[in-house]
Every structure is written in structure tokens, then in C-alpha cells.
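Student: Each chain is listed here by its residues.
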Amino acid sequence: MEFLSLLDITFFLLAGFGALIGIIFGAIPGMTATMAVAVCLPLTYALGLNHGLALLLGLYVGGISGGMVPAVLLNIPGTPSSITTTFDGYPMAQKGEGEKALRVCVIASLVGGLISAAVLFLFAPLLADFSIKFSYVEKFLIILLALTVIASLSSNMLIGIFSGVIGIWLSLIGDYSISDGGNGKTRLMFDFMEPFLFEGFSLLPVLIGIFGISTILLEAEKGVKSGLTNERVRIGKGVSANFSLSIFKGRLTNLVRSSFIGTFVGMLPGVGGSAASVLAYTQEKNLAKDSSQMGKGAPQGLIASESANNALTGGALIPLLSLGIPGDSTTAVLIGAFTLQGIQVGPLFIPENTETWYVMMTALVFANFVMFFLMFYAIKYIAKVVLVPKHILFPIIVMMCVVGAYAINYGIMFDVWTLLIFGILGYLIQKVGLEVAPLIIGFILGSQAEIYFVKSLESAGTLSIFFTKSPIAGVLWLLILASVMFSLMMSLKSRAKRRQELLG
Amino acid sequence: MTISKKTFIGLGSVAMMASLTFGAGIAQAQDGQLRGNIRVVIGSTSTGGDTYQNSSIVVDKLAEHLDLNMKVDAVGASSAFRTLDRDSRGNTLMIFHDQSYLGHLYGVQGYSDIFEEYTVGPTVAINPGNAYLVPKNSPYETLDDIIAAAGNGETVRVAIQPGGVSEIGFSALKNAIAIEHPGMEDNLVAVNTGSQADKNQQLFDGQADVINGTVQANEQFTRLPEDDQKAMRFVWLTARQDTIEQAPEEGLGQTSREQLLEYVEPNVHVTMGDDETFTFDKEFFFLYNKDMDPGIVAQIDEALAEIYAEGEIQEVQKNAFFIPNFKPSGEASEYLYEKMSRYEEIIESIK
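Same order as they appear, the protein sequences are chains A and B.
All residue numbers for the first sequence refer to UniProt numbering, where the first residue is 1 and numbers rise by one.
All residue numbers for the second sequence refer to UniProt numbering, where the first residue is 1 and numbers rise by one.
The shape of chain A in the complex, shown without the other chains (with noise of 0.2 Å):
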């Protein structure tokens, strides 16, 4: 134990300030927990490598978390990985249960936190060789089953399939980058556009743009007639006051079942964060007993997109420690901390830096506990912000996503276009009568899944490759099989049912 001598009140003040620090940038639309990490990351140099560590990792953990905030009170996902969220977080939020909703979302994301680090301690390096299993073809395919729940999701299969296609084929324009093996050559646009499209849109002023700002776009229409974004939303001793750990109870399945799916897809490297919430929140479509609710405000979607988004961090953890591979775009940047201390990460990393990977369990054990108190009590007085007139407040939302979306990428205008552009696309989809959350979904997910699926393609030379590469990609089939067969069901009961309600 002798690490325990290099923790000092210092190292838990930062671990805990970086968890504050990163739940205020993920709840700001535009501001990611990869960015908290990023602007930090130089400051590793002065603290050293433990205390950076510890305030690296609450960054990271309190990122991830705070995404949260304005994916339940505004339907915005603060980071690309809360969109599952605002499914069911801003109905209940729209029902007055905007607290509620975020104490369920803090607990399941203490839980999946919890459970993440757990395994990542006990299990980092077996699960690393189980990972490298993982070729292009298993990766494509855990990507379709993301996809999959597009047709659950959709209200009309055939609108939301097309929806979802529309959203992939958004996430094709750009180049097919030769940071991912591909030729770098631009398709999908006219020369003139090039110089703003290279790399195509940037996923978060989409994101923002098409649940942000479109929203505002809506309500506009509606005028303002109330004052208040939400008079019903109750605080104190209102409705929402009602929260107990009842809610939990029967989800227990879903809890842990979530928690184990982020944390397995951030295990795995090159499926991005977005894929484990999506998953997640999938599986428990089809899994459990009732998810009739699921979409239109029920706990249990927000279980298991939240316990799935904080379990990745653990997750994206395990390959970044056992294999010198990051797992997200978060761990890409952490991974720099260690570079920058001329610390090796690797296969070897764990067995010869035993106390540096002391340090780091504690430090990420700490945050998700200090991201829990902050949170829990802290709600009451987030959950305010809807209160604040919509006059004031959309004015500002506004210049927070334009301000976001301007920073995401080192203050590039076009994304502030792309953010008006994705607003006004959003609005429109909506009212010609088209699914924003397949779309969107297609869009994060796409690119992925044409890099891994040409590439499977390369190195096989043919289509057989994606059933008969290894049992893996055979259980996989399984479940998109059943993912795609049970939402048929669900659509032809409900089909039915509407059947006989217009008889009766």
C-alpha cells in the first residue's frame, strides 16, 4: 500500500475540482469533456503526473456526467454521448419531472461509474486480449445493432428507417481521411464547398443545432406566451419532490445490464462513446417487460443511457492501460498527460507503473462519488434554470451553442453555419413530418460504420467475410436478428391495437 502515501489532500481537492470543473463544461452545449481535458492537459506539466491524473480524470468523469444537465431541462445533449437522454429526459422534464429525471440520471451514473471502475480494476488486462478480438467486421457489426434501434425508436418504421438513412448519408459529405486508411479525396459535395466540408460537418454543432436550436425555432413559433420555459416544473415540495429509490426498483437488470454494455464499448477502441448509450438504451427497448413508456418520459430509458455513458469511462480506460490505446476521444487526450511525463502506456503499463495505476483507480473512484454529491444536491438548484423566462433564457442558450459550436474546433466559422444550417434542417424535419432522433443517430454512427465495413471489405476481398469471420460476429447476428425482429413485433402489436381502438 504504499501508494497510499502519494495521495495527499491536494490530490483529492483536484480530483474533486476537476469533477466540478467538468460537469459545468459537459453541461454547456458545445463543451465537451474531451475539451475540459484538452484545455487542462498543460496544466499536467506544473501539478506532475499524480495530481494531474487526479484532476485529468474528475475533468473526465465529471464530462461525461454533466452532459446531462441540458440533454433532461432543455433537449439538448450537453455531450455527444447524452443524446439517448433527451429521449426521455425532456418529456419528463415537459411533464414537470425535470428533477426527478436528473436525480434518477445522477444515480444511475454514480452506479455505472462504480461498476465500470470495478472491472477496469479487477479485469483491464484479460479484457484487453478479449478486445483485440474485435476486428473491422465485429466493429461494423456492433455498429449495425447500434443502428438497429432506429426502427424501434421511430413512431413510423418506414419515416424513421428513412430518416435514419438521410442521417447517414449527412455523415458521408467530407473526405474519407487518410487518418483512416482511406484515399483523403472529397465526395458528396461541388469543388466550391471543399474548403468548408473537408472534413464534413463537425458532429456537435449538428447535435446541437438539430435538437438546440431547432427547439428554440418551435417554440418561437409558438410565441411566448407563458413567460416561464416551464411553469409546470415544480421545485421544492412539488411533484418532483417524489423521488425515492423506488424508481430503481425492477431496473436493477437494466441498471447493471447498461453499466456492463458502456462499459464494454468503451472497451472497445474506435466505437465511439455515442455507441454505448445508444446500445444501451436499445437493449432495454427490447429487453424489458414494458418499454411502451420508453421516448415519451420513462426512468428507465434515462437508467440506461446514463449508466451506460458513465460506465464508458472506465471502459474507454481499460484498452488506454493495457494495450497504450485510448479508447474515446477523452482518453485520446488523456493519453497525452502521459506522454507528456515521458510515461510509456502500453501492455506493460499496469505491471510497471503499479502505483501510478493505484493513483489512478482512486482518483476515478473519487470523482464519480464527488460528481454524485455535487449533482444530487446540487439538482434543486440546476433544475431552476427552467424557470428562468424564455425570453432571457433562449437568448442565451443561443449564444452558448453559437459560442460552443464556434470553439469546438478552434474557431471555425463554418461550424457556426453548420449549427444555423442543422437548426433550420431540424425544424423543417419536423414539420414535414421526419424522425429527428433516427437521423441524428444515423449521422453520429455512419461514418463509423463505412470505415469498418470498406475496410472489412479490404482485407477480405469478400461479403461472406461478416458471417463467417469468428463466433463473435455470429452471436452479434443473433442480435441484430433480434433486435430487428422484436421491433417488428412491437410495430405490428401497436399497428393492431390502433386497429381495434378505431373499431371499438
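These are calculated hints, taken from the structure and not from any lab test.
All residues carry an ideal CB built from backbone N, CA and C; glycine is no exception.
Keep in mind that a hint or two might mislead.
Pairs of lysine-lysine, DSSO-like flavour, derived with a Cα cap of 30 Å [claimed, not checked]:
1) A:K185 with B:K290
2) A:K384 with A:K249
3) A:K185 with B:K351
4) B:K339 with A:K185
A few chain B positions that, by computed beta-carbon distances, are all more than 10 Å from chain A [claimed, not checked]:
5) P182
6) D227
7) S256
8) E306
9) E312
10) I350
Given the structure of chain A, go ahead and fit chain B onto it with the hints provided.
Tutor: Here is chain B on its own, set in the frame of chain A:
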């Protein structure tokens, strides 16, 4: 990771933009001198990579020496070039490596001729770690085995990231096979992948026989037991012997300098014809906007010369497994142009 590429970072830049306008206003105008806040963009989006690490070391020292506020931003090649294009005042500088001209030689979109479009600044360091590896249980013991195998009609698959530093060693190898076993060079096949993780994965999957990697990223894998699926072995470091000789004696991780020297010329010979051996040192250097005041070029040259004369930066670089290699901009530009011409020949000859 799409997100990692696009969702990169930026609060700093907002603060910076604000302070830039501010700082530029209050700075005393003095011709041909750096002033205000300086943003150093790099051609990589990774903050965990060698470009960021090396740039941080140099920029830190430079900022301290010139008493200026300087910050490294990992924006990636195409953004970095575009940002540099827009600013001729000297508030944006760029640090990148040989990829900047190799990208152009390989015809990658977004790369132009740096010797035409930009001013080439001083070189600062070499990363001697560019390496080629095989699985530990590979039948190929040496690079010669690989050349011979391809010469005998065996297909050898090499995982690389196309269009630059990762490909140049592959091109040289192909060229060597063409010289030693004419007509057999097509047996050396490139498997185009992206990140180091992807290249490693190709090896684990058995989809590649050889991968491009680095000493820094792959050294630990070479120390795994042979029965581990992840175990690898170096067969070739592209750096010059001189370069590796300047590395610290203890080498990197548990691999000493002496062990590393086994994998460089003359022990490993990749012919370029005429008894010439191919080598490749990945060198880091500054790039400036073409219209930037020559006074600033001179100022940075001078400052770096003083920093290198003090000798402290060399220690920091060596500790981080970089080989210090300062050449003032005039000399660097000439040197790099010549270096480019040599590689141009190789790339042309295997087209």
C-alpha cells in the same frame, strides 16, 4: 474515432481569440518582431503523439526565452495549413514533420508544395522511432527475409497509413525489391489502415505480416512472451545509424540503445541502388506563412540558436526520446528540399 477527430478541443481558443484581439492592441508595434499571443498549430490532431510532445517542449522554451504567450494547438494537417494561410502577421506559426512534403509527393488532397507555398523554418528535433515490426512468431527473422520472400513470389502484407511518413519506408522497401528482384515488387502489398491501434489490430488478426509502428508505441509489445497474441518484434528502424547513436544509452523502456542499433543500417540494408542505403529520420520543423515578416524568421532562428546554445533543451528532448537537431531556417530549408528530392525519386520509381 470520428468524434475524436472532429470534436477536438477549443475553449482555449476562445479565450485565446479574445486575448489575441486584446493583446495585439496593446502590444507595442515593433517591426519584424513577434508580439501579442502566438498560436502554434501542429499537423496532428493528437495530443498524445510525438508532434504535440515535441512542439510543447520547443514552444515552452521559446515562450520563456522571448517572454511571449505561446500555445500549441493540435488542429491537424489540413486545418493547420489553412490557419497558417490566413495569418501573415506572425501570430500563427506551424510545427510539423516530413509528412508536410511527403503528403504532397504522394498526392494527398489538402497538401501543397511547402517549399512553394510556405517559408520553411528551422528544424528542431528528430523522432528516431519510425519502425517496422512483425509478430514475435513470424517466419521472417530479418528484413532481408522479407525482401527475399517477396522476391520468391510470396505475398507480404504491410499495414501502413497511406500518404506519408508511414508509407515512405514501405515505398523504399518496394523499391529495394524492384532493384534486387525485378518484377517481384508487387508481392509487397500495402494494407491501408489508420491509427497505430488499427495497424496493431491488423497484426493481431493475421491480416498483415508486417506493420509500421514506432519504438515509443510498440516497445512494450516487443517484451511480451512469444505465446501472447500481441507479442511483436522489431525488424527495421528507418532512422540513420548516427541518429540512433545520439539517443540515451538506456534507450527506451527496457530496450537499450545497443539493441535498437541492431535494427538500423548497416545491419539492415534497404538498397536505393548504387550502394546507397535508404534511411528516414522523422524531423520536426517550423513552417511559416509565406508573407510573414523576414524579421520574425530571423528572430525565431536567433532565439532558438540561443536556447540550443544553453544546452538544456537537448536534455529535455533526449529524455523524451527525441534527438535534438537544430538547423536555422535557411539551412533547414535547403536540407529538407534535398531530402524531399531523394524520396521523390523513390516514389516516382515505384509508381
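Student: Now tell me if each hint is right for this structure.
Tutor: These are the hints, each one checked on the structure:
no.	hint	verdict
1	A:K185 with B:K290	26 Å, holds
2	A:K384 with A:K249	28 Å, holds
3	A:K185 with B:K351	19 Å, holds
4	B:K339 with A:K185	27 Å, holds
5	P182	27 Å, holds
6	D227	12 Å, holds
7	S256	15 Å, holds
8	E306	22 Å, holds
9	E312	15 Å, holds
10	I350	18 Å, holds
Every hint, counting from the list given before, is met by this structure.
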